[in-house]
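Peer 1: Chain by chain, the residues run as shown.
Number of protein chains: 2
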Amino acid sequence: MKTWEKNIRKIVPYVPGEQPNFPGMIKLNTNENPYPPAPGVQKAIREFQKDKLRLYPDPTSHILVKALADYYKLEENQVFVGVGSDDVLATAFMTFFNSHKPVLFPDITYSFYDVWSELFRIPYERPALDDNFRIKKEDYYRENGGIVIANPNAPTSVYEEVDLIRDILEHNQDSIVIVDEAYIDFGGTSSLELIKEFDNLFVVQTFSKSRSMAGMRIGYAMGNPVLIKAINDVKYSYNSYTMNQTSLYYGVEAVKDGAYFKECLGKIIKTREWVMDKLKELGFTFPDSKANFIFAAHETIPAEGIFTALKVQNIFVRYFNKPRIDNYIRITIGTDGEMERLVKALEQIIKSKGQAL
Amino acid sequence: MKTWEKNIRKIVPYVPGEQPNFPGMIKLNTNENPYPPAPGVQKAIREFQKDKLRLYPDPTSHILVKALADYYKLEENQVFVGVGSDDVLATAFMTFFNSHKPVLFPDITYSFYDVWSELFRIPYERPALDDNFRIKKEDYYRENGGIVIANPNAPTSVYEEVDLIRDILEHNQDSIVIVDEAYIDFGGTSSLELIKEFDNLFVVQTFSKSRSMAGMRIGYAMGNPVLIKAINDVKYSYNSYTMNQTSLYYGVEAVKDGAYFKECLGKIIKTREWVMDKLKELGFTFPDSKANFIFAAHETIPAEGIFTALKVQNIFVRYFNKPRIDNYIRITIGTDGEMERLVKALEQIIKSKGQAL
Numbered sequence: 004m005k006t007w008e009k010n011i012r013k014i015v016p017y018v019p020g021e022q023p024n025f026p027g028m029i030k031l032n033t034n035e036n037p038y039p040p041a042p043g044v045q046k047a048i049r050e051f052q053k054d055k056l057r058l059y060p061d062p063t064s065h066i067l068v069k070a071l072a073d074y075y076k077l078e079e080n081q082v083f084v085g086v087g088s089d090d091v092l093a094t095a096f097m098t099f100f101n102s103h104k105p106v107l108f109p110d111i112t113y114s115f116y117d118v119w120s121e122l123f124r125i126p127y128e129r130p131a132l133d134d135n136f137r138i139k140k141e142d143y144y145r146e147n148g149g150i151v152i153a154n155p156n157a158p159t160s161v162y163e164e165v166d167l168i169r170d171i172l173e174h175n176q177d178s179i180v181i182v183d184e185a186y187i188d189f190g191g192t193s194s195l196e197l198i199k200e201f202d203n204l205f206v207v208q209t210f211s212k213s214r215s216m217a218g219m220r221i222g223y224a225m226g227n228p229v230l231i232k233a234i235n236d237v238k239y240s241y242n243s244y245t246m247n248q249t250s251l252y253y254g255v256e257a258v259k260d261g262a263y264f265k266e267c268l269g270k271i272i273k274t275r276e277w278v279m280d281k282l283k284e285l286g287f288t289f290p291d292s293k294a295n296f297i298f299a300a301h302e303t304i305p306a307e308g309i310f311t312a313l314k315v316q317n318i319f320v321r322y323f324n325k326p327r328i329d330n331y332i333r334i335t336i337g338t339d340g341e342m343e344r345l346v347k348a349l350e351q352i353i354k355s356k357g358q359a360l
Numbered sequence: 004m005k006t007w008e009k010n011i012r013k014i015v016p017y018v019p020g021e022q023p024n025f026p027g028m029i030k031l032n033t034n035e036n037p038y039p040p041a042p043g044v045q046k047a048i049r050e051f052q053k054d055k056l057r058l059y060p061d062p063t064s065h066i067l068v069k070a071l072a073d074y075y076k077l078e079e080n081q082v083f084v085g086v087g088s089d090d091v092l093a094t095a096f097m098t099f100f101n102s103h104k105p106v107l108f109p110d111i112t113y114s115f116y117d118v119w120s121e122l123f124r125i126p127y128e129r130p131a132l133d134d135n136f137r138i139k140k141e142d143y144y145r146e147n148g149g150i151v152i153a154n155p156n157a158p159t160s161v162y163e164e165v166d167l168i169r170d171i172l173e174h175n176q177d178s179i180v181i182v183d184e185a186y187i188d189f190g191g192t193s194s195l196e197l198i199k200e201f202d203n204l205f206v207v208q209t210f211s212k213s214r215s216m217a218g219m220r221i222g223y224a225m226g227n228p229v230l231i232k233a234i235n236d237v238k239y240s241y242n243s244y245t246m247n248q249t250s251l252y253y254g255v256e257a258v259k260d261g262a263y264f265k266e267c268l269g270k271i272i273k274t275r276e277w278v279m280d281k282l283k284e285l286g287f288t289f290p291d292s293k294a295n296f297i298f299a300a301h302e303t304i305p306a307e308g309i310f311t312a313l314k315v316q317n318i319f320v321r322y323f324n325k326p327r328i329d330n331y332i333r334i335t336i337g338t339d340g341e342m343e344r345l346v347k348a349l350e351q352i353i354k355s356k357g358q359a360l
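Sequence order for the protein chains is V and F. For my numbering, add 3 to where a residue sits in the first sequence, where the first one is 1. For my numbering, add 3 to where a residue sits in the second sequence, where the first one is 1.
Only chain V is shown next, with the shape it has when bound in the complex (with noise of 0.2 Å):
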């Protein structure tokens, strides 16, 4: 090894999900919504003006900011956005969490809270879920130096009432408690109700999900002015122009029709009902969801064949090899015509009782 290799910084490299793209397939495996944005959104591509790429975009990303205040009828000081969640989240870590006590979150959650934690050298602790993947909240009780709950959780779907987050930050006012809600659309409460009475209270969205923009990286966070104020200073001093002309245009009119939004959650609401009905009759369990996907074990066959058996005919799902849930499949909720074929491949993979694996 070269000198100069030394000094670069140590990390396992995180590996994000495959993203395979051919016709035919059904991509049931990054959570992604299967409704395209808002109207709105196709018409601000066609109207985009190209003399407007020349030109550097508004540091502040004002326009989006304060389509999103509005919107949740929040100040614009308390609203920031991101290159998506993961941008918003590994920032918050960088700017809130600088203490020498553990930062927490639960031992099975979103896989990029430890990456980031060892990234920015953040000692953490991860305290265990039930067996029901419920979190013990008197696990929370306890000196830290910030804590990380995803609601819905990641990737088990599981959603705890605001009365939990409620409870863990009624212990804990003396470190910033970040609330991941990449899911809560789907069918959860926000617990942003809160961020009146807990200054400490960082909650994180994004448009990835819910709002059909995956491919535009836009993630937000709500809270009190003085955390706005803090992740800012640290975003201006990392890139000052984070939000590119597109995103902050197109990202507009995806927050400004809420008719069609909601349209498509009760859509993919709807689907993940009979979908969890369908699944039960063929022996799969899995937690209820509140999300836009369903983290399913089945009785007899193993969840690593499920997801090799379905891959074969090009159904993607995710699968975690991983202590705890390693026996289970993440299928995210798209079409009724994709869940339908979805749902006919697995009968014909358990009725073959997995011979074929």
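These aren't lab readings, by the way, just hints derived from the structure by calculation. Among these hints, one or two may not hold up.
As the list claims (entries may be wrong) - Covered stretches of chain F, as calculated for chain V (at least 3 residues, CB under 8 Å):
1. 19–29
2. 90–101
3. 230–241
4. 259–273
As the list claims (entries may be wrong) - If we take Cβ atoms under 8 Å as the criterion, some of the chain V residues that face chain F in the derived model are:
5. I11
6. R12
7. Y17
8. G43
9. D54
10. H65
11. D90
12. F99
13. S102
14. S114
15. L122
16. L172
17. E173
18. D177
19. M219
Since we're looking at a predicted model, the values are computed, not measured. Glycine residues also receive a C-beta, built at the ideal position from the N, C-alpha and C atoms.
Place chain F on chain V using the hints.
Peer 2: The following block gives chain F in isolation, referenced to the frame of chain V:
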């Protein structure tokens, strides 16, 4: 101050340059290109399918990396892309500068280098440029944790020959040398040719200036595959999907059109040369510029006064109230029409001998 506030990262917030935007103004303050991006970009905008927005972009940014590799005759594993060269450079600082020795960069240079060093707690020292704003290469003949050279330099516009970069590399085999070439296309020769010889050289460029795409936030770096893999590992561990779908598709079109690219550069260089002549006539002194801006001081009128007097006329240039450069204004090269208006305004200001200031 509440307890949780104590764990917020302390940083003197970077204040991005103003981005005024109103009809009739002349914007010569952030080194944007006065010409729109290549015609193919307009076509890509028109033909962009909104359904692409619901899907995650390719985390490897393959089409854009390939377009750049083809253009520069490199392998794909020698190219990295990010959200503007600020994102590329910030990630490079985090990836490459993890020694306890100081990173070296000139006292007068791009104002983000010290901000990133502070943000990531990297020790640094700033050898002084000579009186003509030139690098004294001997200052870089000592132990260090890395070196950063902007070439041409910002905000001075001074270009150093590749031989100087080679000399610094020959004296620094044990640390990583970043050459920030944001302005290289306006008349300099890139150090890119040296990456075959020096595996510790990391060359950074951007679409923001010469490719008329400041609004899209696309930067890139070129170096040996070990460096590119290391920075990709950090990028994947921070935010796997940094480049949105529009950046990828519009970006490819901007790279492909070499003829349009050269045509715009030729126009800007031609404009720069006559503006330099005019400024000389008006009593300005400045280093010979190989960038798309001129860094000029007037023999009698203080720079801040000129800056303010131009602003009153809706002509925006940049003024840095910093040691050694507080008598200079930085003027971006716009269209011939814009520069004629600028010259006329300067004539007026000088004629009034700054009385109105």
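Peer 1: For the restraint on V/Y17, tell me whether the closest CB of chain F is nearer than 8 Å.
Peer 2: V/Y17 check passes; min Cβ-Cβ to chain F is 5 Å, inside 8 Å.
Peer 1: Does the CB of V/L172 sit less than 8 Å away from some CB of chain F?
Peer 2: For V/L172, the interface hint is violated, since the closest Cβ of chain F sits about 11 Å away, which is over 8 Å.
Peer 1: With a cut-off of 8 Å on the beta carbons, see whether V/R12 makes it to chain F.
Peer 2: holds, 5 Å
Peer 1: Report holds or violated for chain V covering the segment 259–273 of chain F, Cβ cut-off 8 Å, minimum 3 residues.
Peer 2: violated (count 0)
Peer 1: Residue count check for the segment 230–241 of chain F against chain V: does it reach three with CB-CB under 8 Å?
Peer 2: n = 7 at 8 Å, threshold three: holds.
Peer 1: Once the shortest beta carbon distance from V/S102 to chain F is found, is it less than 8 Å?
Peer 2: This interface hint holds because 4 Å falls under the 8 Å limit.
Peer 1: With a C-beta cutoff of 8 Å, work out whether three or more residues of the segment 90–101 of chain F approach chain V closely enough for the coverage to hold.
Peer 2: holds (count 7)
Peer 1: Checking hints one by one. Is V/D90 an interface residue toward chain F, by the C-beta closer than 8 Å rule?
Peer 2: With a closest approach of 5 Å, the V/D90 hint holds.
Peer 1: Measuring from the C-beta of V/D54 to each C-beta in chain F, is the shortest one below 8 Å?
Peer 2: holds, 5 Å
Peer 1: Would the hint on V/S114 stand, with a C-beta cut-off of 8 Å toward chain F?
Peer 2: violated, 11 Å
Peer 1: Is the interface hint for V/I11 satisfied, with its Cβ closer than 8 Å to some Cβ of chain F?
Peer 2: The hint holds - V/I11 has a Cβ within 8 Å of chain F, the shortest such distance being about 5 Å.
Peer 1: Are there three or more residues in the segment 19–29 of chain F whose C-beta lies within less than 8 Å of some C-beta in chain V?
Peer 2: holds (count 3)
Of the numbered hints listed earlier, those contradicted by the structure are 4, 8, 10, 14, 16 and 17.
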